[in-house]
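Trainee: Using the hints, position chain F against chain L.
Residue numbers (the working numbering), protein chains in the order written: chain L, 1105 to 1403; chain F, 39 to 352.
These are computed hints drawn from the structure, not numbers from a lab. Hints should not be assumed to be uniformly reliable.
Unchecked claim - If you want a taste of the chain L side facing chain F, the calculated C-beta under 8 Å gives, among others:
(1) 1130
(2) 1132
(3) 1134
(4) 1153
(5) 1225
(6) 1250
(7) 1283
(8) 1379
Unchecked claim - In silico DMTMM-like cross-links for lysine to aspartate or glutamate, where the CA-CA straight-line distance does not exceed 20 Å:
(9) L:1402 x L:1304
(10) F:209 x L:1148
(11) F:209 x F:108
(12) L:1402 x L:1292
(13) F:209 x L:1292
(14) F:247 x F:158
(15) L:1147 x F:206
(16) L:1402 x F:156
(17) F:247 x F:156
(18) F:346 x F:286
(19) L:1321 x L:1291
(20) F:319 x F:108
C-beta: ideal position from N, C-alpha, C; glycine also.
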Amino acid sequence: MRTPTYLVTLRYAAAIFVTAVFMFPIFWWTLTSIKPTNAIFNKDEVVWFDFEPTLINYRVTVMGESPSALTGGSTGSGTTMGTGGENSFDGRRTIVDSIIIAVGSTIFTIIVAVGAAYALSRMTFRGNQAYLNWVLSYRFMPPIAIIVPLVFMFRDLGLRDTHLGIILVHSLINLPIAVLLLKSFLDDIPKDVDQAAMIDGATRWQSFRLVVLPMIKGGIAATAVLCFVFSWTEFLLSLFLTSEIRTLPVKITTFVTSTGSEWGFIAALGTSAMIPSFIFILLVQRHLVRGLTMGAIKD
Amino acid sequence: MTDTMASPSENSRSKTRGEGKFWTMPRWLTSEHSFPWIFPATATLIVFGLYPIIYSVWLSLNRRHPVTRENEWNPAWNWSRVFADERVWDAISVTYMYTFVAITIQLALGLGIALLLDSDRKGFGLMRALMTLPLVVPPAVTGMMFLLMYNNSFGVISRTLQSIGLLDPAKPLLSSHETALWAVMVADIWQWTPFMVLIMMAGLRALPKDPFEAAAIDGANALQAFRRLTLPMLSKIIAIAVLIRGIDLFRVYDYVKVMTDSGPGTATETLTAYSGTIYFKSANFPYASAVAILTLVLVIITANIFIKVFKVRF
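Excised from the complex, chain F in its bound form:
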């Protein structure tokens, strides 16, 4: 993949360089060759990205000895346990559910808000700029914001819901099985719906005007124009946005770690969170690696299916 070769047309020029010098730099080290250009980035990605992944796979094929805590080669040990581990299956279903529900809500809200704010009237520009702010709040801080607002005795959201009778004070939002995952998801939706808004807005702005005028002349109403024109023309952009956001949702960690730490029980335990829990609580690094590699494999499979089905291209 890093096998490189410059186009032949550049050969003649570079040969004349370095004339009369004691030592001529090899061509592949000169700026005419792509090697020096891509080497630093490639090296960084290999050393801190590819190598750790391979290391992780290797670790997952080891068994941590319960007494000596040494790693010993035992390829089947962790993987047979992974697939027999109910918490893994729970985490998989929580992760897919979280991803699917959150992406659907974010996309729907994002598209709706983009249509709403896509106006040149006074004040809309300011509102569009304000809408981008949630994007850059550190996710851990977002988690804390919602943790505060959800607090059962003095949090503004919980107290308001309680006072209008929508929430039972005996069932705190983040520590009840029925509500915890949804409450975490609200933080994610708050932070990342603006991502969809921005992208959909860019898509709407780039739409050609003519088809809409033609449709209006033919008597199409706004809803028909949206379904038959806007949506199909936005489909490419929607696919890219869903892919990027979907993968980020699949590896969610920050909100879960900060707000519930996978609780109550394992109600909000995603795959990444489970791997982190194994790491911090039992220090069983080979098993934590196995779960992490499983996460990676599921991301790759799911993303590739999506790319094939929706023909996404970067």
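Next up, chain L with everything else stripped away, as it sits in the complex:
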């Protein structure tokens, strides 16, 4: 049975249209990041391609150059920019902070989660299923329910405005996902494999380290990527728990002020924030569905 050509064409047209609609905001955002100020803030008409591409927005936000030196003092939207002072749009420190936090919480999460996942997959202990549900329930907890106490706890523990503090709360958010996901990868490996090692005299730890761990390397990598992305994009907890250290999503929102928003700078830093996510997510396409559903649906 052959599908008529016009139906195939129609399907292509519809698919391309839908994809284009979903790509448009990202496209427009990236386009904005290379527009000069007068093209972004043009109130007469929307400027599509009729502009001189510029890297000024990136030079200010990602390379930390002074905006007044680059634009000759005028920035278009009416925002008052400190004359000669510190460049408040410099995103370099924020990028470093975000990387430290995302990498740190990923490493912590994986180390802590892989143990719990192993126990859930390989050992029988009382309350096994209840423990699994208890871990899972944290995935669904609204972060707002813990944020006020966390602010107090962090103040008392000296964790406020520290990388370690944010690393720990991001790990809390990522743990349930990581435990369930790693468990699903562990469940894919036949139990005979590591039991054989233990029958041959290996301890559980040895059979885990030498037999099981090498077999779930791919699963760990996929889980790590997802943890990184979730930490990289997290907003609420970082917003409440920091004022000096800033992750990228929080920093970007501080560029919006009541007197005007520096859309060029926002778009440039925002585009920079999306790039690592895009690269990582394309790397784990194969495990994405499993990751997003915490192993409930295997692709």
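Mentor: Quick look at chain F alone, frame taken from chain L:
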């Protein structure tokens, strides 16, 4: 829940370990026992998850003294105010409306797009990969993207709608009562419809071929096959996807905070946003905690009803 016991079959082996040593590790500290395996994760969840929740409940049972700003024990104070607070009821209705409408649209669009893109023809693989990109844009950045595109004087969406007469330039999308919530929701739908697309696609790919061939032989058309075969066979996956997405929608914060900060007035104020507003604007931490705990309780009740009705299992 963390009460642990290894299976008896492992006992004999572990007893022989550590022979001849000055000190033998207690069995529950060895790798044969589940305790060391689950302890780090459990401790993290208790210290940074369970304890703050209990702390939050305790806070909500305190009254913040208006002058001294000290917390004093007064269990009924905040809770009687919560239920008398019109903003709480508004926030509840905004939250449920937002969740219900957004999940319906995301599911319908997700299923439709999944059916559309589920093809092995050239180019569809690329389009499927592109469709996943919105998922990993930081939600705060998504909010900013739409904030820019909605700008009443130079935003591409607003200007285009104005030029074809669909939008009154005197009524900016995000600062009009009638449109603000829907405009925020569009950002959510843009970001998370791909989640549904991906999951539905996985479901479609896993469907057995035979029933569809049998139905075709019996003369069923595409629509009948979809209603009688595809939907029922996808129901389990749909239930899981709706549960995960629905809970995330219920606790929405990022888009609201970035795009409207609950405005205009309280038109887009969800429960999480209201709790955040109390925290930032009046610093009444016990009351903010009460609203936050209310959010948690509503999530638990709603999710459990859903799980019971649709028999979801992880």
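Trainee: So if I understand the rule, the pair passes when the alpha-carbon distance is 20 Å or less; does residue 209 of chain F with residue 108 of chain F pass?
Mentor: Not OK: residue 209 of chain F and residue 108 of chain F at ~44 Å, beyond 20 Å, violated.
Trainee: Regarding the pair residue 209 of chain F and residue 1292 of chain L, is the alpha-carbon distance no greater than 20 Å?
Mentor: violated, 56 Å
Trainee: Sort out whether residue 158 of chain F lies within 20 Å of residue 247 of chain F, counting only the CA atoms.
Mentor: holds, 15 Å
Trainee: Does residue 156 of chain F sit within 20 Å of residue 247 of chain F, going by the straight-line distance between their CA atoms?
Mentor: holds, 14 Å
Trainee: Sort out whether residue 1292 of chain L lies within 20 Å of residue 1402 of chain L, counting only the CA atoms.
Mentor: At roughly 10 Å apart (the allowed maximum being 20 Å), residue 1292 of chain L and residue 1402 of chain L satisfy the hint.
Trainee: For the pair supplied as a hint, residue 319 of chain F and residue 108 of chain F, confirm whether the alpha-carbon distance does not exceed 20 Å.
Mentor: holds, 18 Å
Trainee: Going by Cβ atoms only, is residue 1379 of chain L closer than 8 Å to chain F?
Mentor: violated, 10 Å
Trainee: Taking only the CA atoms, is the gap from residue 1147 of chain L to residue 206 of chain F under or equal to 20 Å?
Mentor: Holds. Residue 1147 of chain L to residue 206 of chain F sits at ~16 Å (cutoff 20 Å).
Trainee: Under 8 Å is the threshold here; is the Cβ of residue 1134 of chain L close enough to any Cβ of chain F for the hint to stand?
Mentor: Nearest chain F Cβ about 10 Å off; hint violated.
Trainee: Under the criterion that the straight-line Cα-Cα distance not exceed 20 Å, is the pair residue 1402 of chain L, residue 156 of chain F satisfied?
Mentor: holds, 17 Å
Trainee: With the threshold set at 20 Å, check whether the alpha-carbon distance from residue 209 of chain F to residue 1148 of chain L stays at or below it.
Mentor: holds, 18 Å
Trainee: So, residue 1130 of chain L near chain F? Judge it on the closest CB pair being under 8 Å.
Mentor: holds, 6 Å
When each numbered hint is compared with the structure, violations occur for hints 3, 4, 5, 8, 9, 11 and 13.
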